[in-house]
Structure formats: C-alpha cells, structure tokens
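Q: One-letter residues, chain by chain:
2 protein chains.
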Amino acid sequence: MEYKFSDNLASLKPSAIREIFKSLSDPSIISFAAGNPSPLSFPAEDLAAISADIFEKSASTALQYGITEGYPPLRRAVTERLRDKFKIGRDFDTTIITSGGNQGLELACRVLCNPGDVVLCENPSFIGALNAFRAVGAKTVGIPLREDGIDPADLEAALQKHPNTKMIYLIPTFQNPAGTTTSAEKRAAIYEIAKKHSVMILEDNPYGDLRFAGEDILPIKALDDAGIVIYCSSFSKILSSGMRVGFVCAPDPIVQKMAVGKQCEDVHTNQFFQMLCHRFMTERDMDAHIEKIRALYREKCNLMLSCLNQYMPKEVHYTRPEGGLFIWCTLPDGVDMNAFVKKAIEKKVAVVPGTAFNCDTEAPSQSFRLNYSTPSDEDIKAGIRIIGELAAEMIG
Amino acid sequence: MEYKFSDNLASLKPSAIREIFKSLSDPSIISFAAGNPSPLSFPAEDLAAISADIFEKSASTALQYGITEGYPPLRRAVTERLRDKFKIGRDFDTTIITSGGNQGLELACRVLCNPGDVVLCENPSFIGALNAFRAVGAKTVGIPLREDGIDPADLEAALQKHPNTKMIYLIPTFQNPAGTTTSAEKRAAIYEIAKKHSVMILEDNPYGDLRFAGEDILPIKALDDAGIVIYCSSFSKILSSGMRVGFVCAPDPIVQKMAVGKQCEDVHTNQFFQMLCHRFMTERDMDAHIEKIRALYREKCNLMLSCLNQYMPKEVHYTRPEGGLFIWCTLPDGVDMNAFVKKAIEKKVAVVPGTAFNCDTEAPSQSFRLNYSTPSDEDIKAGIRIIGELAAEMIG
Numbered sequence: 006m007e008y009k010f011s012d013n014l015a016s017l018k019p020s021a022i023r024e025i026f027k028s029l030s031d032p033s034i035i036s037f038a039a040g041n042p043s044p045l046s047f048p049a050e051d052l053a054a055i056s057a058d059i060f061e062k063s064a065s066t067a068l069q070y071g072i073t074e075g076y077p078p079l080r081r082a083v084t085e086r087l088r089d090k091f092k093i094g095r096d097f098d099t100t101i102i103t104s105g106g107n108q109g110l111e112l113a114c115r116v117l118c119n120p121g122d123v124v125l126c127e128n129p130s131f132i133g134a135l136n137a138f139r140a141v142g143a144k145t146v147g148i149p150l151r152e153d154g155i156d157p158a159d160l161e162a163a164l165q166k167h168p169n170t171k172m173i174y175l176i177p178t179f180q181n182p183a184g185t186t187t188s189a190e191k192r193a194a195i196y197e198i199a200k201k202h203s204v205m206i207l208e209d210n211p212y213g214d215l216r217f218a219g220e221d222i223l224p225i226k227a228l229d230d231a232g233i234v235i236y237c238s239s240f241s242k243i244l245s246s247g248m249r250v251g252f253v254c255a256p257d258p259i260v261q262k263m264a265v266g267k268q269c270e271d272v273h274t275n276q277f278f279q280m281l282c283h284r285f286m287t288e289r290d291m292d293a294h295i296e297k298i299r300a301l302y303r304e305k306c307n308l309m310l311s312c313l314n315q316y317m318p319k320e321v322h323y324t325r326p327e328g329g330l331f332i333w334c335t336l337p338d339g340v341d342m343n344a345f346v347k348k349a350i351e352k353k354v355a356v357v358p359g360t361a362f363n364c365d366t367e368a369p370s371q372s373f374r375l376n377y378s379t380p381s382d383e384d385i386k387a388g389i390r391i392i393g394e395l396a397a398e399m400i401g
Numbered sequence: 006m007e008y009k010f011s012d013n014l015a016s017l018k019p020s021a022i023r024e025i026f027k028s029l030s031d032p033s034i035i036s037f038a039a040g041n042p043s044p045l046s047f048p049a050e051d052l053a054a055i056s057a058d059i060f061e062k063s064a065s066t067a068l069q070y071g072i073t074e075g076y077p078p079l080r081r082a083v084t085e086r087l088r089d090k091f092k093i094g095r096d097f098d099t100t101i102i103t104s105g106g107n108q109g110l111e112l113a114c115r116v117l118c119n120p121g122d123v124v125l126c127e128n129p130s131f132i133g134a135l136n137a138f139r140a141v142g143a144k145t146v147g148i149p150l151r152e153d154g155i156d157p158a159d160l161e162a163a164l165q166k167h168p169n170t171k172m173i174y175l176i177p178t179f180q181n182p183a184g185t186t187t188s189a190e191k192r193a194a195i196y197e198i199a200k201k202h203s204v205m206i207l208e209d210n211p212y213g214d215l216r217f218a219g220e221d222i223l224p225i226k227a228l229d230d231a232g233i234v235i236y237c238s239s240f241s242k243i244l245s246s247g248m249r250v251g252f253v254c255a256p257d258p259i260v261q262k263m264a265v266g267k268q269c270e271d272v273h274t275n276q277f278f279q280m281l282c283h284r285f286m287t288e289r290d291m292d293a294h295i296e297k298i299r300a301l302y303r304e305k306c307n308l309m310l311s312c313l314n315q316y317m318p319k320e321v322h323y324t325r326p327e328g329g330l331f332i333w334c335t336l337p338d339g340v341d342m343n344a345f346v347k348k349a350i351e352k353k354v355a356v357v358p359g360t361a362f363n364c365d366t367e368a369p370s371q372s373f374r375l376n377y378s379t380p381s382d383e384d385i386k387a388g389i390r391i392i393g394e395l396a397a398e399m400i401g
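Each protein sequence line maps, in turn, to chains A and B. My numbering numbers the first residue of the first sequence as 6 and each following residue consecutively. My numbering numbers the first residue of the second sequence as 6 and each following residue consecutively.
Misleading hints may appear alongside valid ones.
Same chains, same names: a pair is fine if it fits in one copy or spans any two.
[Said to hold, decoys possible] Straight line, CA to CA, 20 Å or less: simulated EDC-like cross-link-like pairs of lysine to aspartate or glutamate: (1) Lys353 - Asp12; (2) Lys352 - Asp292; (3) Lys166 - Asp51; (4) Lys144 - Asp12; (5) Lys9 - Asp230; (6) Lys352 - Glu220; (7) Lys92 - Asp292; (8) Lys166 - Asp221.
Calculated directly from the structure, the hints in this document are not laboratory data. None of these values were measured; they are calculated from a predicted model.
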C-alpha cells in the first residue's frame with residue numbers, strides 16, 4: 006500500500022543529527038555530536054533512595070493517572086524556584102509540567118500557529134524546536150545570531166517583513182548550538198519590540214542553571230509585565246534527561262490551552278518521576294548538586310577550549326561559552342564544511358554539521374557544533390587534535 | 006493581552022470528564038466517572054524491586070536520553086508478545102513505544118490527516134481520541150455502535166458519503182465507553198471494506214488483556230495482510246497508567262513517520278519506565294499478573310451488574326461487558342439524561358454523560374458511562390442503589 010502523509014509531516018525528515026547518531030554505534034568513534042548531559046550529572050543515588058520511598062509510601066498515587074497540568078506539589082515547587090532563582094512569574098502566570106522541555110516548545114507553537122504562520126528564530130537554532138514548529142506547519146525564519154544575541158534592528162526588520170509572525174523563539178542563555186548568551190541590553194530591546202508588535206516570545210532556557218563563568222543575566226521572562234513571554238525549561242540537564250520532565254511558565258490562558266493540547270498528546274507526564282523531582286527539589290540540596298555539574302562542565306569546556314587553542318588553525322573561529330553544553334566552530338570561507346564533517350567521521354570523530362541548525366533547510370553553513378559534556382577528557386584531547394589537524398590540512 | 010489561538014485548538018474545550026473530575030475533589034462523592042484502573046492492578050512490589058536493581062546496575066542508561074522509537078529490548082519484547090498473544094505483526098510491521106496509548110492515536114492522526122479530513126469513529130467513542138483527532142483539525146464522523154460493533158453496511162455508506170476519509174478509528178474489544186465487543190464476523194467484514202477503499206484502520210486495544218468472560222476474538226490487525234491497520238495499545242491497564250508507556254504496531258513507513266512526529270513532541274518515552282516494563286515482561290510472570298486483574302474486574306463487574314439488576318428500573322438498558330472497565334447505561338426516551346447526571350451529582354454519585362463521547366459534539370444522548378474498576382464494593386452497592394432510585398423517580 007502507498008501511504009500518503011499529512012502535509013505538515015510529509016516533508017519533515019528525521020534530523021541530520023539522528024543520521025549521525027547511526028554512525029555512532031561504532032564504539033571506536035569519538036563523539037562530539039551528542040546533546041546529552043554527562044551521566045555524572047544525574048544524582049542517581051539520591052534518586053534511588055527517594056524512589057524506594059515512593060514505592061513504599063505512595064505507590065498507588067505514583068503509578069496511577071495524574072492531572073494533565075502536572076503533579077500539584079511539583080508545580081508549586083517549580084513556581085517557587087523560578088521566582089526565587091530567576092525572578093520569573095507574575096500574578097497572571099501559571100506553571101504546567103511537560104514531558105521534557107521540547108514538548109513545551111511544541112505545544113506553544115501548536116496553540117498559537119496555523120500552517121503558514123511565521124516563527125522568527127535565531128539562526129542557527131535548536132533543531133528539535135525548528136522541527137516541532139515545522140510539524141505544525143509553521144514557517145521558521147532566521148535572524149542572524151551574533152556573539153551577544155540577535156540584533157534588535159534585525160528583529161524589527163523581520164517583523165516588518167513578516168506581518169504573520171506569531172512567535173519569536175529564542176534561547177538567550179548558552180544557546181544551542183552556538184553557546185552564546187544574549188546581553189541584558191539586547192534582551193530588554195527585544196522584549197520592547199515584541200511588546201510593540203504584540204508578538205509572543207517563546208523563551209527556551211534548558212541550560213540556565215549551567216553557568217560556570219561570567220555573571221548571571223535574568224531571563225527575558227523576568228521583564229514580562231505584559232504577559233507575552235512563554236518560558237520553557239526542564240530538569241533534563243540537572244536531574245535526568247531520560248525521565249522527560251520539563252515545565253512551562255506562561256500566562257494562564259496560554260497554559261490552559263497548552264493543557265488541552267497536552268491532553269491530546271500524552272494526557273500527562275510520568276507521574277512517578279514528577280513525584281521524584283518534587284521530592285529531590287524539596288528534600289535534597291538542589292543548589293549544591295547544580296554547583297557540582299557547573300564545576301564539571303567548567304573543567305570540560307576549558308579543556309576543550311585549550312585543545313582548540315592548541316590544535317585548531319587560527320583561521321577557525323570558535324565561541325567561548327560561559328555555560329551550557331556546546332562550542333560552535335566556524336571554518337574559513339573556501340573550506341567545504343560538509344566535506345570536513347565527512348572526513349572527520351572517516352577519522353573517527355563525529356561533529357554536527359551547522360546546516361542541521363539552519364532555519365532555512367536549504368541554506369549552506371561554514372560551522373559545526375562540538376559537545377563537551379559527554380566525551381571523556383582523553384577523547385576531548387585526542388578528538389580535537391584530529392579535527393584540528395584535519396582543518397589545517399583542508400585550509401592548506 | 007488578547008491571545009489568539011490556532012484554528013485547530015481554539016475551539017477545543019477541556020473534556021466534560023475533566024469538569025466532572027473537578028467535583029470529585031469532594032471525598033464524599035461516589036465516583037463511577039473515572040477511567041482509571043484499580044490501584045490493585047499495579048504490581049508495585051515487583052516494580053519496586055526491579056527499580057532498585059535498575060538504579061544499582063543501569064542508572065546511567067535509565068536516566069539518559071533514549072531513542073525516539075523506544076528502548077530496543079522493550080520493542081522486541083512487545084513485538085514478541087503481540088505475535089504470541091494476539092497473532093499480530095508481519096514482515097512489513099514494526100513497533101514503536103509511545104508515551105501512553107493516547108500518543109499513538111494522536112500520532113497516527115497527525116501523520117495521516119490534514120485539516121478537514123474525516124476520521125470515521127464508532128459513536129459513541131473514546132473522548133481522548135476524538136479530541137486528539139480534532140486537535141489535528143480532522144473531522145470526527147460517527148457510525149452507530151451496535152452491541153456487536155458497527156454495521157459493515159453503515160461503514161460502507163459512510164465511506165461513500167465521505168470520500169476524504171483518511172482513517173477508521175475502532176475500539177473493537179471492550180469498547181470505551183460502551184463496553185461492547187465487535188464480533189469476529191464484523192471485524193472481517195470491516196477489514197475488507199477498508200481494504201477495498203484503501204483507508205487505514207486505527208485499532209485501539211487498551212483493554213484487550215482484560216477479558217473476564219466469553220471467548221477471545223483476535224484483533225483486526227491479525228487479519229492485516231495489506232498493511233492498512235495501525236494497532237495501538239499500552240501498559241496502562243496492566244502495569245501502571247501513571248507511567249505513560251504505550252506502543253504501536255504498524256507498517257514500517259507509518260512507524261517511521263510517527264517517530265518523526267514523536268521526536269517533535271517528547272523526543273522519546275520515559276527511559277527508566279521502558280526498562281522497567283521490559284524487565285517486568287521478561288523476568289516476571291506477566292500472564293499470572295494479568296489473570297489476577299481479570300479476576301478482580303470479573304468480580305467488580307458482576308457486582309455492579311447485579312446491583313443494576315436489583316435497583317435499576319427495567320426501562321433502563323445497560324451493556325453486559327465481557328472485559329474492560331465500563332458499563333454503558335441508556336435511559337428511556339423522555340428522561341432528560343443531563344438532568345439525571347446533574348441530580349446524581351447532587352446525590353453524591355458521579356457518572357459521565359454520554360454526550361462527552363459523541364462524535365458530533367452538538368448531538369444529544371440518552372446514555373451515561375459507569376466505571377467499575379475503581380470504586381469499592383461498598384460504593385458500588387450504595388451508588389448504584391442511589392442512581393437506580395433516581396432513575397425510577399425520573400421515569401415516574
């Protein structure tokens with residue numbers, strides 16, 4: 006039988022990252038391609054102890070259907086933490102628990118966008134979000150990402166050019182894939198422009214807790230007196246990525262509509278792990294745990310940066326992140342990025358080609374993404390040396 | 006700010022069941038409104054023991070990102086069980102793990118239907134599926150459900166009338182809400198009609214393991230030599246509903262496209278509980294466990310039926326299920342069903358009005374749904390007596 010797929014999904018391909026992952030089943034490959042947190046970041050012993058206690062005392066609740074909006078004590082704990090740590094959440098805002106941060110992004114687009122509507126995005130941007138928007142039929146339009154975030158003038162121009170823009174999608178802190186952080190000044194300017202145009206901002210902050218250098222900058226949501234920011238984050242990078250528990254803080258009418266959408270997808274998020282998150286947050290020292298992850302990533306990022314400094318030809322540009330999981334490298338003009346990535350795989354080092362993160366899927370890229378959270382120190386040293394020598398060879 | 010929602014979600018209301026659930030926070034109410042499995046059906050001790058072992062031996066894998074299609078050993082175990090128990094799965098079929106059965110239904114519609122396309126459904130049908138279809142913009146068109154399933158002639162007529170039908174959605178075994186089972190003869194006839202019209206069948210079988218009377222009937226998927234059946238089920242009614250682990254068996258191109266859709270939603274299903282399911286299936290006696298649930302529900306269903314027999318006026322018709330969770334009651338013409346449900350709540354008994362399950366949201370209903378898996382025996386006796394007396398009073 007010939008299957009005919011819906012317009013929204015027919016053209017959507019599995020992401021390039023997934024294709025690269027297939028080659029990673031070869032254990033001799035050094036992978037800088039993942040977006041995974043280090044397994045050392047999972048507080049497995051604490052989670053095991055709390056799990057045993059949940060099974061002993063609350064198994065019936067933990068294994069039964071829950072509420073679509075989320076386990077109420079977890080919603081309250083998240084609301085409090087967002088207020089205390091990030092100055093987020095006003096009277097008109099509420100919190101909903103999602104099955105990972107990605108579901109929050111997807112639901113936001115699903116409740117706001119009709120097919121053909123535009124979502125303005127940083128270019129490059131997170132492939133998972135871009136595909137989620139495309140799967141709703143929305144059009145992803147890129148705004149060039151600078152070292153300190155998109156330029157407000159570029160945003161203003163894009164809004165003029167695309168009057169059917171429904172949403173501006175931003176990862177202001179430790180951006181994926183670029184590793185850059187939008188300055189406080191730009192955040193304020195972006196917020197004012199969005200407010201003027203009555204366009205919603207979708208702020209994605211999965212790495213916000215992972216600052217290991219520089220000064221904290223408040224999320225855009227902290228400025229949100231007009232109720233135009235949908236803030237998404239998750240526990241994936243601080244407790245467990247595999248459990249799929251995220252959260253959204255947004256104006257209540259938006260959250261209510263997202264709950265209707267979520268009920269159509271998975272009804273609610275895994276109840277047991279919601280209880281586990283709540284108990285970890287309230288019974289363990291969350292801040293001390295996060296401090297350990299920061300120290301780990303500080304060390305790994307510094308190691309990768311020093312290897313890049315040692316082995317990469319000076320013509321190759323790379324970002325110096327103050328947190329998060331990624332470094333973004335850009336090859337000089339004239340070097341074929343796709344050929345570079347292919348040769349790197351032949352030399353047993355995997356990186357993600359920049360084209361995977363393009364808003365315009367047909368556009369070229371000179372860049373590739375490096376992850377430092379998962380490879381071992383030895384692999385970082387060996388792998389960066391290999392791709393540094395490869396770059397030198399291709400630059401000639 | 007005035008929020009403008011997408012066309013697909015703007016008109017979608019939270020389900021009537023959710024509204025009823027709000028009134029259930031009153032602990033003095035006897036609820037026959039749930040769709041929950043009995044907490045006694047969760048093998049909590051076994052799950053606790055396996056969990057402890059997973060934390061001890063495989064925490065890094067269990068807490069890390071997984072594959073969108075699902076944890077490979079679980080996919081294999083599900084594939085084998087479907088083949089052995091239900092005679093399902095041919096060379097062209099594969100299995101994907103979903104976050105509950107509902108996500109399977111939603112993804113099937115999402116990959117096949119454009120806005121305006123028709124999904125033919127049994128009328129009444131499962132509200133969660135109907136809303137999932139509506140959220141994609143599909144139109145739900147009902148075919149009257151008889152005691153032994155929809156009539157093939159009605160299906161043929163509906164397909165003639167709606168040439169833009171993309172999918173036929175059926176719960177052939179222990180239907181929700183009606184509790185009825187489609188006969189083997191009708192299954193074969195329905196399958197042939199769908200094949201003739203090249204229309205996909207979405208077969209939903211969440212209760213298939215819960216037969217406590219009568220003879221097993223194979224799923225429609227067992228007939229599927231043409232690759233036109235998408236089969237959805239879950240562990241919600243046999244291991245835990247709150248963990249949100251379901252599965253789909255369908256032709257590989259369909260599963261591949263569903264994986265693309267799933268990646269846009271929640272990336273993958275909770276990895277820890279996928280491992281838990283796999284280990285329970287392969288290390289414990291799943292069949293013996295299911296036999297216990299069947300015995301429990303047999304007893305509860307028989308109790309409710311005998312109370313209905315004792316207290317319900319003979320003008321009230323009700324189904325006699327051979328499995329599943331629900332009994333469907335129909336009031337005689339002239340009795341206002343909505344008034345009945347409202348008065349029942351005032352008398353502290355909650356049932357779900359039949360209108361909630363209508364494919365046409367504006368259509369009336371004379372019926373209501375009763376659940377026997379969650380209330381205690383005492384509540385079943387007291388509650389059925391109350392609504393029996395209420396019905397007698399209203400019939401006059």
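Q: Next step is simple, just say for each hint if it's right about the structure.
A: How the hints compare with the structure:
Taking the closest pair of Cα atoms, Lys353 and Asp12 never come within 20 Å of each other, the shortest separation being 38 Å inside a single copy and 48 Å across copies. Neither within a single protomer nor between protomers do Lys352 and Asp292 lie at most 20 Å apart by alpha-carbon distance, with minima of 40 Å and 50 Å respectively. In the homo-oligomer, the alpha carbons of Lys166 and Asp51 never lie at most 20 Å apart, since the shortest distance is 52 Å inside one protomer and 60 Å across protomers. Taking identical chains as interchangeable, the C-alpha atoms of Lys144 and Asp12 lie at most 20 Å apart whether they share a chain (13 Å) or sit on different chains (16 Å).
Taking the closest pair of Cα atoms, Lys9 and Asp230 come within 20 Å of each other only across two copies (19 Å); inside a single copy the shortest separation is 46 Å, beyond that limit. Proximity of Lys352 to Glu220 under the C-alpha cut-off of 20 Å is found in neither arrangement, the shortest distances being 38 Å within a copy and 60 Å between copies. Proximity of Lys92 to Asp292 under the C-alpha cut-off of 20 Å is restricted to the intra-copy arrangement: shortest distance 16 Å within a copy versus 52 Å between copies. For a Cα distance limit of 20 Å, the shortest separation of Lys166 from Asp221 qualifies neither inside one copy, at 33 Å, nor across copies, at 62 Å.
Figure legend: structure checked against the earlier numbered hints; hints not met, in rising order: 1, 2, 3, 6, 8.
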